[in-house]
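Engineer: Here is how the chains run, residue by residue.
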Amino acid sequence: MKPAQDAIGAYPDFAYPEHWTRRSLLDLENLSAEEINTILDVAASLKRATDGCRTKLSLLSECTVANLFFENSTRTRTSFSLAARRLGAGTIEFSAAGSSLSKGESFIDTAKTIEAMNVDAIIVRHSTPGTPHLLDQELQCAVINAGDGPHEHPTQGLLDILTIREHRGDIAGLTVALVGDIAHSRTARSNIWGLLKLGAHVIVCGPSTLVSRRWEELGVEVVYRLDDILDRCDVLNLLRIQFERQATRPFPSVHEYALLYAMNRERMRRAKDDILIMAPGPINRGVEITPEVADGAHSVILEQVTNGLAVRMAVLRLLCHAQRDQRKEHQ
Amino acid sequence: MKPAQDAIGAYPDFAYPEHWTRRSLLDLENLSAEEINTILDVAASLKRATDGCRTKLSLLSECTVANLFFENSTRTRTSFSLAARRLGAGTIEFSAAGSSLSKGESFIDTAKTIEAMNVDAIIVRHSTPGTPHLLDQELQCAVINAGDGPHEHPTQGLLDILTIREHRGDIAGLTVALVGDIAHSRTARSNIWGLLKLGAHVIVCGPSTLVSRRWEELGVEVVYRLDDILDRCDVLNLLRIQFERQATRPFPSVHEYALLYAMNRERMRRAKDDILIMAPGPINRGVEITPEVADGAHSVILEQVTNGLAVRMAVLRLLCHAQRDQRKEHQ
Amino acid sequence: MKPAQDAIGAYPDFAYPEHWTRRSLLDLENLSAEEINTILDVAASLKRATDGCRTKLSLLSECTVANLFFENSTRTRTSFSLAARRLGAGTIEFSAAGSSLSKGESFIDTAKTIEAMNVDAIIVRHSTPGTPHLLDQELQCAVINAGDGPHEHPTQGLLDILTIREHRGDIAGLTVALVGDIAHSRTARSNIWGLLKLGAHVIVCGPSTLVSRRWEELGVEVVYRLDDILDRCDVLNLLRIQFERQATRPFPSVHEYALLYAMNRERMRRAKDDILIMAPGPINRGVEITPEVADGAHSVILEQVTNGLAVRMAVLRLLCHAQRDQRKEHQ
Chain E
38 MKPAQDAIGA
48 YPDFAYPEHW
58 TRRSLLDLEN
68 LSAEEINTIL
78 DVAASLKRAT
88 DGCRTKLSLL
98 SECTVANLFF
108 ENSTRTRTSF
118 SLAARRLGAG
128 TIEFSAAGSS
138 LSKGESFIDT
148 AKTIEAMNVD
158 AIIVRHSTPG
168 TPHLLDQELQ
178 CAVINAGDGP
188 HEHPTQGLLD
198 ILTIREHRGD
208 IAGLTVALVG
218 DIAHSRTARS
228 NIWGLLKLGA
238 HVIVCGPSTL
248 VSRRWEELGV
258 EVVYRLDDIL
268 DRCDVLNLLR
278 IQFERQATRP
288 FPSVHEYALL
298 YAMNRERMRR
308 AKDDILIMAP
318 GPINRGVEIT
328 PEVADGAHSV
338 ILEQVTNGLA
348 VRMAVLRLLC
358 HAQRDQRKEH
368 Q
Chain P
38 MKPAQDAIGA
48 YPDFAYPEHW
58 TRRSLLDLEN
68 LSAEEINTIL
78 DVAASLKRAT
88 DGCRTKLSLL
98 SECTVANLFF
108 ENSTRTRTSF
118 SLAARRLGAG
128 TIEFSAAGSS
138 LSKGESFIDT
148 AKTIEAMNVD
158 AIIVRHSTPG
168 TPHLLDQELQ
178 CAVINAGDGP
188 HEHPTQGLLD
198 ILTIREHRGD
208 IAGLTVALVG
218 DIAHSRTARS
228 NIWGLLKLGA
238 HVIVCGPSTL
248 VSRRWEELGV
258 EVVYRLDDIL
268 DRCDVLNLLR
278 IQFERQATRP
288 FPSVHEYALL
298 YAMNRERMRR
308 AKDDILIMAP
318 GPINRGVEIT
328 PEVADGAHSV
338 ILEQVTNGLA
348 VRMAVLRLLC
358 HAQRDQRKEH
368 Q
Chain D
38 MKPAQDAIGA
48 YPDFAYPEHW
58 TRRSLLDLEN
68 LSAEEINTIL
78 DVAASLKRAT
88 DGCRTKLSLL
98 SECTVANLFF
108 ENSTRTRTSF
118 SLAARRLGAG
128 TIEFSAAGSS
138 LSKGESFIDT
148 AKTIEAMNVD
158 AIIVRHSTPG
168 TPHLLDQELQ
178 CAVINAGDGP
188 HEHPTQGLLD
198 ILTIREHRGD
208 IAGLTVALVG
218 DIAHSRTARS
228 NIWGLLKLGA
238 HVIVCGPSTL
248 VSRRWEELGV
258 EVVYRLDDIL
268 DRCDVLNLLR
278 IQFERQATRP
288 FPSVHEYALL
298 YAMNRERMRR
308 AKDDILIMAP
318 GPINRGVEIT
328 PEVADGAHSV
338 ILEQVTNGLA
348 VRMAVLRLLC
358 HAQRDQRKEH
368 Q
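One line per chain: the protein sequences are E, P and D, in this order. In terms of this note's numbering, the first sequence is numbered consecutively and its last residue is 368. In terms of this note's numbering, the second sequence is numbered consecutively and its last residue is 368. In terms of this note's numbering, the third sequence is numbered consecutively and its last residue is 368.
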């Protein structure tokens, strides 16, 4: 892979971490702070080397990456595809909308068939928590969790953290609040694990039907009124109300929710001067965020989208290379 | 982008118009004759340089183009994708079949999210007239209208005109008739604007339920019987009856329609010796055209398909370069 | 196409057969043994040259291949796409799920439209036997049959035979049994034609509702009890029960079927020591095969998937080159 070397050679700040050995990215819970920082560093380097995730590098031109999505997704799937192709990798789309697939073993057979087409990484989204972990046990190729039910969505956590780091430098010591539907949010879980490992103070905030006291066991602060914490937050991450994951309606009305938890102009006045407003998207304007805040100077929502590319390029780069190295050793 | 230069260097007739500044292609109504000719000239050059739209050039190898289609389409979408990839650009498909998208603001949020993934151009098809114009106001990247309801479909107009130009040289002075469902046809509108600007005489012809006298205000001739104009047309463009856009049936039966408006062997005998038979496709054999005419010596229907690639390559080339140039200036 | 030459130059065992002239691959029935061996030889060479169908070659970087699938498929479609892209070709997906397409002439119009976008090969799957043959008559580009109803699926036959050849060397003299739903299986038909031409003894085995005596006319042995032939088979190819192709249920219950025809641990004990267990997939664990056999040492099911890439690369290579050569001659 000569061109890759050359392309990177032009960016002296790109240091490929020789010590990365992990084959899959399943969650942030089991990553060390060092591993998280490695991914963030590689993401930052790749972002610089590609003019802000715009141009291409030939780092993975020999690799093929498969999207295996059992839940609808256009954003995350497109982001992974673009990240792969910006590094020169080929992509295949395996949308398993029910069809010939049933459960249990045949699900693994499908994944093994894809692996037998010699892909280097399978990116999997599934409504059942633990699916990527199961695949990781059964396959030799890299497995990347793109969301397993309400459990984790590690690249979402990483891109949120990268965005904070770009604006604040160090994560340690920052106060970050996740607001809204904590109970059903894989984004919340991945953010919590990542932020805690890097030394942030994390608050989860929402109606008591969506935020339980048991979250305190993870080491986060549990709060029920956004107004109580506004003046001490460095970052607000406004989670979407995931109506599709809720059996019963956890609050009287959308209006009621917005009244207590929406970030609006009035609340912005009581927030820190340099507060960052984040949201994983798609946003519900008028529910968790008003248009003037979503489009305002503190909003970094679209930067998060761009950083999604950076983080996914970094993850693909690290895992596919570890993959290739291992295969060479076995030969 | 060295390779592009080299590839083009081999074709001395390829003159890239330095003066192109338009960021988006929204319609033909607002283009000047000079701009239309520029697109056609670049299309003709690219067609020559790619052995008739067959081989590849590396002109846009740093670019990514997104298809954002809110209406079903395989032809146009595939044509845009192929055009992009024949120039080395990457493509992403964003099929927004209802799903998580509602209307108004959230539609723009979707487009902004795609833009934040650093695409250079968004190709949009939507059932609401004016959607591409709205996007153009909200985005920084190039926006290409691939059909907005019954309003316009500019690349279809351009490919039709390119096909005529290839056979007749100059458009000025030709008599071109658009036959069929004028009322619901974005193809008709784009053809009318383009042809008039280049000096053609344009006739619209169809049942009075589908062709109103008010079209005369645009500067075209309105006719209700195909037989009245057959002997003075240089080109017939046979529009498909778009049943899906019609609330009520505008004529007694398909048979009745075919009797009055279908191009058949008998009508061909009364037409000019060198008449060109065109159709935007998909054609309904036996409705607006009989098989012997569709497959006959005067038919250029399949050439239109190939010219669709040429025109879309030209548009992508012009807009993406203007795009990149502007970004460089801002830096 | 300089790079292609270079890439291949590094593999002295790659001999491109100058004498290949066939434009399309429609079935195995009409191929000669020599032609089948040519495809297998090229497949084996390409597999070696790509590190087991893993890395890329630039043999078809000027080509575009279209998938035109009228039946659902993810495996075969993905396999063809990957094969094309591993050789540098572009791909377009034309999923004709009913939609604007009806039957007869308009189906051919669709294919002609795709051809007019200058594709080099159209890969077609359709529920009607003979569809690829019809297309072949109407088009100038290469046509590849990816399954036409219960008729043939030639690349499946070829990949099965390649897998046998890799393990046993010569096909001549081997005894190969196809077990299960012979009546509805295009895989069975393609295997039978290919294996017979290469000199194998072929047995078809299944319930009498799915295997008729008339198969003897093709030159195969017809057997109704798996237990009668176990000890003399070199290869068992376990076909899936294709419930979707059956009007009435051809056996009392799945349990009943498994009792008589499932390959399980007990039957393995009575089989030859070096028996190969194959299945075209997707497999129904517990129906035609038990998990310990599917995952056992004799199973080559996943090798078949990889060889699908090799065979499809070979077919695309041969047909696209014949295609390009013919075009040059015409110029």
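Please note that a few of the clues may not be correct.
A pair holds if it fits inside one copy or across any two, identical chains being indistinguishable in the list.
[To be verified] Computed list of lysine to any residue pairs in SDA-like fashion (alpha-carbon distance at most 20 Å, straight line):
1. Lys93 to His358
2. Lys365 to Arg91
3. Lys149 to Glu329
4. Lys234 to Arg122
Hints in this document: simulated from the structure, not taken from any laboratory.
Engineer: If a hint holds in the structure, say so; if it does not, say that too.
Structural biologist: A quick look at each hint next to the structure:
Proximity of lysine 93 and histidine 358 under a CA criterion of 20 Å is satisfied in both settings, with 18 Å inside one chain copy and 17 Å between copies. Taking CA atoms no more than 20 Å apart as the test, lysine 365 paired with arginine 91 passes between copies only; the shortest distance there is 13 Å, against 31 Å inside one copy. In this assembly of identical chains, the alpha carbons of lysine 149 and glutamate 329 lie at most 20 Å apart only when taken from different copies (16 Å versus 48 Å within one copy). Proximity of lysine 234 and arginine 122 under a CA criterion of 20 Å is satisfied in neither setting, with 31 Å inside one chain copy and 41 Å between copies.
Against the hints set out earlier in the document, a violation occurs for number 4 only.
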